[in-house]
Structure formats: C-alpha cells, structure tokens
Amino acid sequence: FGEKAREVRDTSLKVPHGESGKVIGIRVFSRDDDDDLPAGVNELVRVYVAQKRKISDGDKLAGRHGNKGVIGKILPAEDMPFLPDGTPVDVILNTHGVPRRMNIGQILETHLGWVAKTGWNIEGNPEWAQNLPEDLQSAPADTRTATPVFDGAREEELTGLLSSTLPNRDGEVMVDGDGKARLFDGRSGEPFPYPVTVGYMYILKLHH
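Going by this note's numbering, the sequence shown opens with residue 65, and the numbers climb by one from there.
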C-alpha cells in the first residue's frame with residue numbers, strides 16, 4: 065500500500081478480451097503444503113474456466129444405450145432431410161450402429177420420444193386400450209414419459225401407441241405404426257425411396 069504499491073506490477077493472467085466462460089474450479093498450490101512449484105514461486109492459484117462452443121466435425125456424440133459416433137459433416141438446416149410438413153431432422157445416424165452393437169434400446173427410445181412429442185389417443189382401439197390404465201389412454205403433445213431402470217418399454221408396448229399418435233396442426237400423421245416416416249432430400253426436394261425411422265432421443269457430446 066502507499067509507496068510500495070507503485071513498485072508492484074500486476075502480472076495476473078486474464079481471460080482474453082472478448083472471451084467469456086464460467087469458473088468451474090479453483091485450486092491453490094503453496095510451498096507450505098509441499099506442492100511442486102517452479103523456482104521463485106511461493107504460491108500458485110489456478111482457475112479453471114469452461115467455455116461453451118458449438119460442436120464441429122470430428123466431435124464425438126453418444127446416446128444412452130452405448131451408441132456413439134463421430135460427426136462426419138454438419139449441414140445447413142435447409143439441406144437436411146425433412147418431413148412432409150417441412151420439419152428438418154437434426155441428426156442422421158448410421159443404420160449400421162444398431163445391428164453392430166445390438167442395442168435395440170435406442171430404437172425404442174426413438175419411438176417413445178416421438179409418441180411423447182406428438183401425444184396419443186388410443187380410445188378408438190379397444191384391443192390396445194385394455195393394456196393401459198384409463199388415465200394413460202390419451203395424452204397431449206409434449207407429454208413427459210419415463211420407464212423404470214432395467215425395465216424399459218418393449219416393442220409390443222409401443223406398437224399400439226405409434227398407431228395412435230395425434231396428427232399435427234395440418235391434420236397429418238407424420239410417422240406410421242412402424243415408427244417410420246417419408247423423408248425428403250433437403251437438397252433436391254425428392255422423396256427418399258424407402259421410409260425412414262424418425263423420432264426423438266437424447267444425444268449428448270461425449271467427453272473422453
């Protein structure tokens with residue numbers, strides 16, 4: 065303080081101009097704690113700052129069923145395949161990932177996610193309605209669903225729900241009872257020759 069303050073030079077490390085982040089950890093190293101420090105350093109404070117960034121080619125993504133893969137290409141939304149109502153898909157997965165890992169759970173999650181997003185009404189299907197409690201025979205769009213650990217939804221439980229999903233605002237049902245939809249090529253506008261499985265599932269960036 066006072067005159068001594070003029071002799072002190074601020075050599076603190078700062079976040080570069082224009083950068084931002086969130087402090088996720090602070091560690092203090094000291095010679096009093098027998099920490100290994102460079103010569104001439106008595107105490108060291110290390111601040112860990114995490115930054116959010118957009119995913120890019122080469123990043124690895126993973127689902128909740130052991131399904132993982134590397135991003136091969138990122139396209140503009142207008143070039144992605146789209147549903148008949150114009151909704152583009154977010155991610156295209158290699159179909160070889162299912163038989164290779166034999167994790168059918170990712171397909172069932174995709175189907176259940178679509179059912180929960182669109183809502184359902186099985187009152188017109190008495191044979192299927194008897195398999196569910198009365199309060200679950202219909203549900204609006206964006207309904208939250210969950211399955212017990214190690215006792216997830218099975219194919220026979222989802223078949224009836226997929227056939228009973230609610231139409232969109234245009235009165236169209238995008239996905240059929242098999243969980244597949246007609247997709248169109250975003251670049252040419254032409255439909256793909258075969259129906260494609262479409263739904264909702266959790267995909268997160270894999271930290272490795």
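Be a bit skeptical, because a hint or two may be false.
What the hints assert, rightly or not - Capping the alpha-carbon separation at 16 angstroms, the derived lysine to aspartate or glutamate pairs in EDC-like fashion look like this:
(1) K181 with D206
(2) K244 with D206
(3) K269 with E83
(4) K116 with D154
(5) K181 with D121
(6) K78 with E219
(7) K137 with D149
(8) K118 with D96
(9) K78 with D97
(10) K118 with E71
(11) K132 with D121
(12) K269 with D143
Because the hints were derived from the structure by calculation, they are not lab data.
Hint check results:
For the proposed pair K181 and D206, the alpha carbon gap of about 4 angstroms is at most 16 angstroms, so the pair holds. Distance check on the hinted pair: K244 and D206 sit about 19 angstroms apart at the alpha-carbon level, beyond 16 angstroms; violated. A hinted pair counts as satisfied when its Cα atoms are at most 16 angstroms apart, and K269 with E83 does not qualify at roughly 22 angstroms. Among the hinted pairs, K116 with D154 is inconsistent with the structure: their alpha-carbon atoms are about 20 angstroms apart, more than 16 angstroms.
Among the hinted pairs, K181 with D121 is inconsistent with the structure: their alpha-carbon atoms are about 29 angstroms apart, more than 16 angstroms. Between the alpha carbons of K78 and E219 the distance comes to roughly 55 angstroms, so the proposed pair goes past 16 angstroms and is violated. Between the alpha carbons of K137 and D149 the distance comes to roughly 24 angstroms, so the proposed pair goes past 16 angstroms and is violated. The hinted pair formed by K118 and D96 fails the criterion: a straight-line CA distance of about 42 angstroms is larger than 16 angstroms.
Taken as a hint, the K78 and D97 pair is broken in the structure, with Cα atoms around 26 angstroms apart against an allowance of 16 angstroms. Simply put, K118 and E71 have alpha-carbon atoms about 44 angstroms apart, too far for the 16 angstroms limit, and the pair is violated. A threshold of 16 angstroms between alpha carbons decides the hint, and for K132 with D121 the separation of about 14 angstroms falls inside it, so the pair holds. Only pairs whose Cα atoms come within 16 angstroms are accepted, and K269 paired with D143 is rejected, the gap being roughly 23 angstroms.
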